[in-house]
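Residue numbers (full-length UniProt numbering), protein chains in the order written: chain H, 1 to 820; chain V, 1 to 160.
Be aware that one or more of the hints could be misleading.
Label pairs and their computed distance ranges (CB to CB) [to be verified]:
id : chain 1 : residue 1 : chain 2 : residue 2 : range
1  : H       : Lys398    : V       : Asp58     : 49 to 57 angstroms
2  : V       : Ala97     : H       : Lys398    : 32 to 40 angstroms
3  : V       : Ala97     : H       : Lys108    : 31 to 39 angstroms
4  : V       : Asp58     : H       : Ala271    : 44 to 52 angstroms
5  : V       : Leu93     : H       : Ser277    : 52 to 60 angstroms
6  : V       : Asp58     : H       : Arg774    : 35 to 43 angstroms
Footprint (simulated), chain V over chain H, 3 or more residues, beta carbon under 8 angstroms [stated by the list, open to error]:
id : stretch
7  : 167-176
8  : 629-635
Calculated Cβ distances over 10 angstroms to all of chain H for the following chain V residues [said to hold, decoys possible]:
id : residue
9  : Asp31
10 : Asp40
11 : Val61
12 : Gly144
It should be emphasised that the hints constitute simulated quantities derived from the structure, not laboratory data.
Given the structure is predicted, the values throughout are model-derived calculations rather than measurements.
Note that beta-carbon positions come from the ideal geometry of N, C-alpha and C, so glycine has one too.
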Amino acid sequence: MQTDRIAEPWGTRTPYGPGEAWPTRVDTHLADGVAPEDVDRWVQSATILHSNGDGLDIAVKDGEIVGVRGREVDRVNHGRLGPKDLFGWQANKSPDRLTKPLIRRNGKLVETDWDTAMDAVVNRTKELLDEQGPSAISFYTTGQLFLEEYYTMGLIAHGGIGTNHVDGNTRLCTATAAAALKESFGCDGQPGSYTDIDHADVIALYGHNMAETQTVLWTRVLDRLAGPNPPKVICVDPRMTPVAREATIHLAPRPGTNVMLMNALLHEIIANGWVDSDYVQAHAVGFAELEKRVADYPPEVAAEVCDVPAEQIREAARVLGQAERLLSTVLQGFYQSHQASAAAVQVNNVNIIRGMLGKPGCGVLQMNGQPTAENTRECGADGDLPAFRNWSNDEHVKDLAKVWNLDPMQIPHWSPPTHAMQMFRYAEEGSIRFMWVQATNPAVSLPELGRIREILAQERLFLVVQDIFLSETAQLADVVLPAATWGEKTGTFTNVDRTVHLSEKAVEPPGEARPDLDIFIDFSRRMGLQDKDGQPLVKWDDPEGAFEGWKDCTRGRPCDYTGLSYEKLRGGSGIQWPCNAENPDGTERIYVDGQFWAAPDYCESYGRDLVTGAPLSPVEYKALNPTGKAVLKAVEYLPPHEIVSQEFPFQLITGRTLYHFHTRTKTARAPQLQKAAPEVWVELSASDAADRGFTEGDLLEISTPRGRVEARLRISGIRPGVAFLPFHYGYWDSPSGHEPGGKRGRAANELTLTDWDPVSKQPIFKTAAAAVRRLSKGKGSPSLAPTTTGSRPVTADVPPTTGGPAAAVTEQMAATGGVK
Amino acid sequence: MKLGLAIGELHRSENHLAGALLAMSDRHKADHEIFYVARDIARWSQDHVQALAAIGRDYDVELDAQPEGDPSLLASLRQKASDAVGRRPEPGLLLLADLRHVYREASGVSLDWELLAQAAQGAKQEELLALAQRCHPETLRQVGWANAMLKVEATQVLVS
Numbered sequence: 001m002q003t004d005r006i007a008e009p010w011g012t013r014t015p016y017g018p019g020e021a022w023p024t025r026v027d028t029h030l031a032d033g034v035a036p037e038d039v040d041r042w043v044q045s046a047t048i049l050h051s052n053g054d055g056l057d058i059a060v061k062d063g064e065i066v067g068v069r070g071r072e073v074d075r076v077n078h079g080r081l082g083p084k085d086l087f088g089w090q091a092n093k094s095p096d097r098l099t100k101p102l103i104r105r106n107g108k109l110v111e112t113d114w115d116t117a118m119d120a121v122v123n124r125t126k127e128l129l130d131e132q133g134p135s136a137i138s139f140y141t142t143g144q145l146f147l148e149e150y151y152t153m154g155l156i157a158h159g160g161i162g163t164n165h166v167d168g169n170t171r172l173c174t175a176t177a178a179a180a181l182k183e184s185f186g187c188d189g190q191p192g193s194y195t196d197i198d199h200a201d202v203i204a205l206y207g208h209n210m211a212e213t214q215t216v217l218w219t220r221v222l223d224r225l226a227g228p229n230p231p232k233v234i235c236v237d238p239r240m241t242p243v244a245r246e247a248t249i250h251l252a253p254r255p256g257t258n259v260m261l262m263n264a265l266l267h268e269i270i271a272n273g274w275v276d277s278d279y280v281q282a283h284a285v286g287f288a289e290l291e292k293r294v295a296d297y298p299p300e301v302a303a304e305v306c307d308v309p310a311e312q313i314r315e316a317a318r319v320l321g322q323a324e325r326l327l328s329t330v331l332q333g334f335y336q337s338h339q340a341s342a343a344a345v346q347v348n349n350v351n352i353i354r355g356m357l358g359k360p361g362c363g364v365l366q367m368n369g370q371p372t373a374e375n376t377r378e379c380g381a382d383g384d385l386p387a388f389r390n391w392s393n394d395e396h397v398k399d400l401a402k403v404w405n406l407d408p409m410q411i412p413h414w415s416p417p418t419h420a421m422q423m424f425r426y427a428e429e430g431s432i433r434f435m436w437v438q439a440t441n442p443a444v445s446l447p448e449l450g451r452i453r454e455i456l457a458q459e460r461l462f463l464v465v466q467d468i469f470l471s472e473t474a475q476l477a478d479v480v481l482p483a484a485t486w487g488e489k490t491g492t493f494t495n496v497d498r499t500v501h502l503s504e505k506a507v508e509p510p511g512e513a514r515p516d517l518d519i520f521i522d523f524s525r526r527m528g529l530q531d532k533d534g535q536p537l538v539k540w541d542d543p544e545g546a547f548e549g550w551k552d553c554t555r556g557r558p559c560d561y562t563g564l565s566y567e568k569l570r571g572g573s574g575i576q577w578p579c580n581a582e583n584p585d586g587t588e589r590i591y592v593d594g595q596f597w598a599a600p601d602y603c604e605s606y607g608r609d610l611v612t613g614a615p616l617s618p619v620e621y622k623a624l625n626p627t628g629k630a631v632l633k634a635v636e637y638l639p640p641h642e643i644v645s646q647e648f649p650f651q652l653i654t655g656r657t658l659y660h661f662h663t664r665t666k667t668a669r670a671p672q673l674q675k676a677a678p679e680v681w682v683e684l685s686a687s688d689a690a691d692r693g694f695t696e697g698d699l700l701e702i703s704t705p706r707g708r709v710e711a712r713l714r715i716s717g718i719r720p721g722v723a724f725l726p727f728h729y730g731y732w733d734s735p736s737g738h739e740p741g742g743k744r745g746r747a748a749n750e751l752t753l754t755d756w757d758p759v760s761k762q763p764i765f766k767t768a769a770a771a772v773r774r775l776s777k778g779k780g781s782p783s784l785a786p787t788t789t790g791s792r793p794v795t796a797d798v799p800p801t802t803g804g805p806a807a808a809v810t811e812q813m814a815a816t817g818g819v820k
Numbered sequence: 001m002k003l004g005l006a007i008g009e010l011h012r013s014e015n016h017l018a019g020a021l022l023a024m025s026d027r028h029k030a031d032h033e034i035f036y037v038a039r040d041i042a043r044w045s046q047d048h049v050q051a052l053a054a055i056g057r058d059y060d061v062e063l064d065a066q067p068e069g070d071p072s073l074l075a076s077l078r079q080k081a082s083d084a085v086g087r088r089p090e091p092g093l094l095l096l097a098d099l100r101h102v103y104r105e106a107s108g109v110s111l112d113w114e115l116l117a118q119a120a121q122g123a124k125q126e127e128l129l130a131l132a133q134r135c136h137p138e139t140l141r142q143v144g145w146a147n148a149m150l151k152v153e154a155t156q157v158l159v160s
């Protein structure tokens, strides 16, 4: 059957019951006029415009990508695809792809050849190494390259250049996921599996609009909800999202009060005796401290601070406390808000004290935002050491030095790795003088854009940008390196639930664009980077060689890839790590029977103070957790750093929409997606709009002490007192290029404040104080925000979002249903 | 018994530590983590000041329960100045000096709490002992934070 998948983003229901297999449904979308039998070949890959990691095949005809089809055999999606996957591939062949390197001459970027561009990069690196040393050099990467590329880049930066300044834009999306897992379990690595949705009787989503961020995973939930014995759903979100609309209980706390709410939920669970005491006794430390801390947080106190009825908090705690199979998931509503890690850790605490880990239906998914963010973290491209080695454990550093054949002194480990926000600070004060930005767009995605543009535009900063389009950031670069993207290169990547997929090259990259891996290896060779025996530091020339090198690096570590190979990943489903001799088919659930990776000599991290962020010393950790149990960490609630005032009466939160990814560099170049959400909007509640006499479609100015944005008003189901702006919209497709054209911009990050979580160092995008005023009346024409999602209007007369014939997708259901 | 004297001394040193944290925060507004976290944890000292003033009455010491404020005009001047020099490298060295100062102040306060706890135990003053047991861990976290931030900042400042 054919479905308009812009109008119906989650497609047709295939209901199933608890413990049953999720029925397959194969989604296919091909370019206009191409029939399945016209396709020359189908090339195996997985999805890249979100973090879900759905298996798909790329359709190739006459050397071009002409569509995609979900892989029925894949454990993640059982054939389904989301709207961004179905339509986003069209961006690959945009006429404005970068096809030649660019270099700045007399203030302007001009085309050049690879030798000239790479020599400019290498010469500046060498000059700065001579003049200042590695502290001048920084790498700011992404969550969108492949594993092989991160590992190679991390090796070059850490082992070759010897700099501590390596991070990814994963700092903005999953840093708190990693931090929360390290705090509770001593190590990164997802305790849950997507299959927990098949078994759970309660699914709790904390600040996680799964319906828009992981559409296929939400489809799985919708199919459970449509089947027999559906799970109860708890949603914590200040907006009336699609998740909130399906929720058994929807808690909409004031932004910035998540820790208060979590402490009250824990208070109720403990006070009512819903704790699995045997599990806690055997497998966790810190319960007494937690019990003492949350005693001060009865629902009445939280009701006041969070502005959520105490009875609702009690009811939610009762559902959590009486769940038999509890799956908890967390995303940006917690990660990008005040006390991010502290709040995410309290979600882990709920599952630990309820003994809900390592069993079907019992898990925690601390979600990622980007397709390959897990690899940024694993490979050390976010600054951590590869394969979850502990930078403050000398034995781990020595072991890594052995894998890399380097002196341990060459690998920086004197202090925690420099996080992205600190790198931009060092660039601001002038001690970082070289920044290599890869596949990310800080000139739109970082907070307080006025400041970020000033930093990037400095004469004294040598800025290299490696990308597929001339993004806002690329426009400020000294050298631009044109890269190949998904479908034009081979590599592997790993999703949230540890599933590794192979993504094969389907077509040639345009012009002179090169795979990111080739660019890194070229840089290393031109730099003459060597190991301690004078051999080339990077010992591979192709993706498969890099993958084999990575396997060596993971041997015996939690993310063990030694049982995987390209050959094994071809043909079937993705495979979950750890995959090794003991688990040749991968591992569906970790932390079975309360066995953790938290032993002091094995763990990735000794943890941090949840308020100050100060790292614990090895001695402190050994005293706290000598035998490697789960750690229950308690924390006090702190008021947000920017609070509303008479002048700035709204709390501003930024976020995303189902139809776009990041700064729209790909999704705005896919016509169906761009048409579904063509321009920025601002959401206010009906009562706030009525108080000010605003109506749907009015043009508003939203301002903070940092800047001003204009956007049309969507009156939505958001909680009163809160304004929402999507962060996707920048300037690359506007006349002004990389910055606002007039005194008001359209990028939400003109307004956000520079502040970050002291534990995960993730910037805070969801707690700023803002003012709102009307610039002009809408005269009856509504905002163009999607009607299918969290931005659904509450007023009548807004035409529904549809995609028409161009958005038609074939959905092929399995012959048999879920009941077998 | 000289417990009152020890309480008075702690009251003074906690007040001083809160002031040092707030002043450092103002001086380094362009170093955002320093700016915000120093303010967050200055609250602990201010809370200790109040608690010490309350318990001081049992030992016949008159102490001001109101933490010494940082005059807001001065604070805002400092913040403006620190914003203005935020793009120059010199504040890095100043930051090291400030962190070192906070580290030493907080360590002194920590020692004072230890002495007070011992004395409270010796004199079987349960309420006072409980207060020390509640407050002292927070002081240690202040020490730990200053130490950690020093380690993070020092390398870049000194090698660049």
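Results for each hint:
1. Lys398(H) - Asp58(V): 49 to 57 angstroms: Given about 56 angstroms between the Cβ atoms, the range holds.
2. Ala97(V) - Lys398(H): 32 to 40 angstroms: Given a distance of about 35 angstroms, which is inside 32 to 40 angstroms, the answer is holds.
3. Ala97(V) - Lys108(H): 31 to 39 angstroms: violated, 44 angstroms
4. Asp58(V) - Ala271(H): 44 to 52 angstroms: 32 angstroms Cβ-Cβ, so the 44 to 52 angstroms window is violated.
5. Leu93(V) - Ser277(H): 52 to 60 angstroms: holds, 53 angstroms
6. Asp58(V) - Arg774(H): 35 to 43 angstroms: violated, 59 angstroms
7. 167-176: violated (count 0)
8. 629-635: Contact hint for the stretch 629-635 of chain H vs chain V: violated, 0 residues under 8 angstroms.
9. Asp31: violated, 7 angstroms
10. Asp40: Nearest chain H Cβ is 6 angstroms from Asp40(V), so the label is violated.
11. Val61: holds, 28 angstroms
12. Gly144: At roughly 4 angstroms from the nearest Cβ of chain H, Gly144(V) sits no farther out than 10 angstroms, so the non-interface label is violated.
Hints 3, 4, 6, 7, 8, 9, 10 and 12 from the list above are not met by this structure, while the remaining hints are.
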